[in-house]
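Chains as they are written, first to last, in this note's numbering: chain A, 1 to 331; chain B, 1 to 331.
These are computed hints drawn from the structure, not numbers from a lab.
Treat the hints loosely; a few may be bogus.
Claimed, not checked - Footprint (simulated), chain B over chain A, 3 or more residues, beta carbon under 8 Å:
(1) 240–248
(2) 254–260
(3) 272–280
By construction, the Cβ of each residue, glycine as well, lies at the ideal position given by its N, Cα and C atoms.
There are 2 protein chains.
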Amino acid sequence: MNSVNHQIRLAARPSGLPKPSDWKLTAEPVPAPGRGEFVVAISYLSIDPVMRRLIDADYREPVAIGAVMEAGAVGRVTASEHPGFAVGEHVYGGFGVQEFACSDGTGVTRLDPLLAPLTAYLGALGIPGLTAYFGLLEVGRLREGETVLVSGAAGGVGSVAGQIAKISRCRAIGIAGGPDKCRWIVQDLRFDAAIDYKAQDVAAALQEYAPGGVDVFLDNVGGEILDAVLSRLARGARIVLSGGLSQYAAQQVRGPSNYLELIAARASMAGFLTPDYTGRYAQARTELAGWLREGRLISREDTLQGGVRAFPDALLKLFAGQNIGKLILAV
Amino acid sequence: MNSVNHQIRLAARPSGLPKPSDWKLTAEPVPAPGRGEFVVAISYLSIDPVMRRLIDADYREPVAIGAVMEAGAVGRVTASEHPGFAVGEHVYGGFGVQEFACSDGTGVTRLDPLLAPLTAYLGALGIPGLTAYFGLLEVGRLREGETVLVSGAAGGVGSVAGQIAKISRCRAIGIAGGPDKCRWIVQDLRFDAAIDYKAQDVAAALQEYAPGGVDVFLDNVGGEILDAVLSRLARGARIVLSGGLSQYAAQQVRGPSNYLELIAARASMAGFLTPDYTGRYAQARTELAGWLREGRLISREDTLQGGVRAFPDALLKLFAGQNIGKLILAV
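The following block holds chain A by itself, in its conformation from the complex (with noise of 0.2 Å):
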């Protein structure tokens, strides 16, 4: 085994999007545990939009500089002297952008590693699966037979969330960038129409597909495409705000201009956070689990190789909007 620890952390907080020189490659001796505590060997990073905010100073709590950077991420029990968890048992939890982490359990769950692979825990089994399960069934109150549409749909959150749509008996409408993330949305993961933003004006679109009006929006990238759905809202819309990717590393974030369409449209905006949901995550996780064995609920993972040395690049990566499905860094 490994005894040597490599770690990102934050050397500096960027303007814009991060630049190598504001992370810092660190080498540790992997830790021992004390007592009720357990070291993971991490073998899966979740790259995750919301960790722009996160480095921002004006973040609630933001990541400290010289800070391990925060990250989601499933590994292995390999050493413990905590009386719930083993030896060798699959876990999540938010471990750092590191390659072993110290643990005293808070937020860890317990992985079952023949319900579905390792990396499905990050996707549509993990917190983008649950965001979107809880964003479109809870937030957004979804009713059967209402159009949904989805941004960033060919991302962990979108991509899950319009099938969960579909499984409701909603009509799905996906808004992603590029040919290829549109058809697969379309063709793979059966939503009823792809809106290719960078090729197609959204609110032309939209009155094409979805003639009605939208009923619920998950929006989690912001900017002219939340404008541009304000303006095409069926009556007593719900948008569901799970994130803004397109303003995380804005200088200026762009407010939705449009925001008097609520009024017009009986409408609401709401924001809600998925760790609310924590005590109904294990039924969740089964619900999801059960579409995905059914072969109902695809989750894909684009996984990138290089360990932790490879997260700069890989959260740029995210923001470039090169990933189709959840993207994953392996350790």
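With chain A held as given, fit chain B onto it using these hints.
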């Protein structure tokens, strides 16, 4: 009785605030009621922020060029061929900016002049009061003990909203422009605090007056004020949009750039239109009239003289923020 009906018609679509040449004064004979119709002599016209939106080309059903400008009004029936409305009765309806209107009764309600002065039916017992009532109690789901913030707090909607918040045992904070308005809402209307947005930093003032954050914000102003409030939301906050006065005449609407704060606060922003609650107006009016009688609710109207000719100036006065209380034009 006067036999000429003076009217204000839309002559051109304004850019920004309407100029005198965007309106046209016309004179017609007073109409005679057809079968199933009645004629109303208009006493008072309601001057409302939304009037600016009604004349925008991109509004859903804008006032047509050459048409009488839309306006809510109270008046008295002077001639009737309608079984439901008798000569002498006092009524409220969307009669338009004119001295006499012919109506088939659609959207017209009978008023009780003994319950309150007629002008109150354009204020606390009219659309402004009903907007405050349904906006806070229904859309905002106000609960006892919460902190309520209203913008345009010395205006028709805001002044009633803050008082309903106090009646509902909530903490009421008002945002208004200038010391006179701020003094009035605190001393006469018993708001807990007032923020003068012309002299104070709204976000900093909220930190002082609402240290635990804002639970419900009834906003009819938008712009920078909405952005400031977004940074001071309590968890689970509800922003209720009843208008966007500051943006109605803007060339480029300023979207709320802090909208992603809705995520961190698990908050929502919802729009509504008061006429959706028409079926419950009577119940709400009874409750509002009860509060008026008991002296717990003050309806203040700022009544301009000058008849329909004075309408163009009256509208500009509203956008200049010169009124305290509901702005009304006596005909």
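Going through the hints against the structure:
| no. | hint | result |
| --- | --- | --- |
| 1 | 240–248 | holds (count 5) |
| 2 | 254–260 | holds (count 7) |
| 3 | 272–280 | holds (count 3) |
Violated hints are absent here; each numbered hint is respected by the structure.
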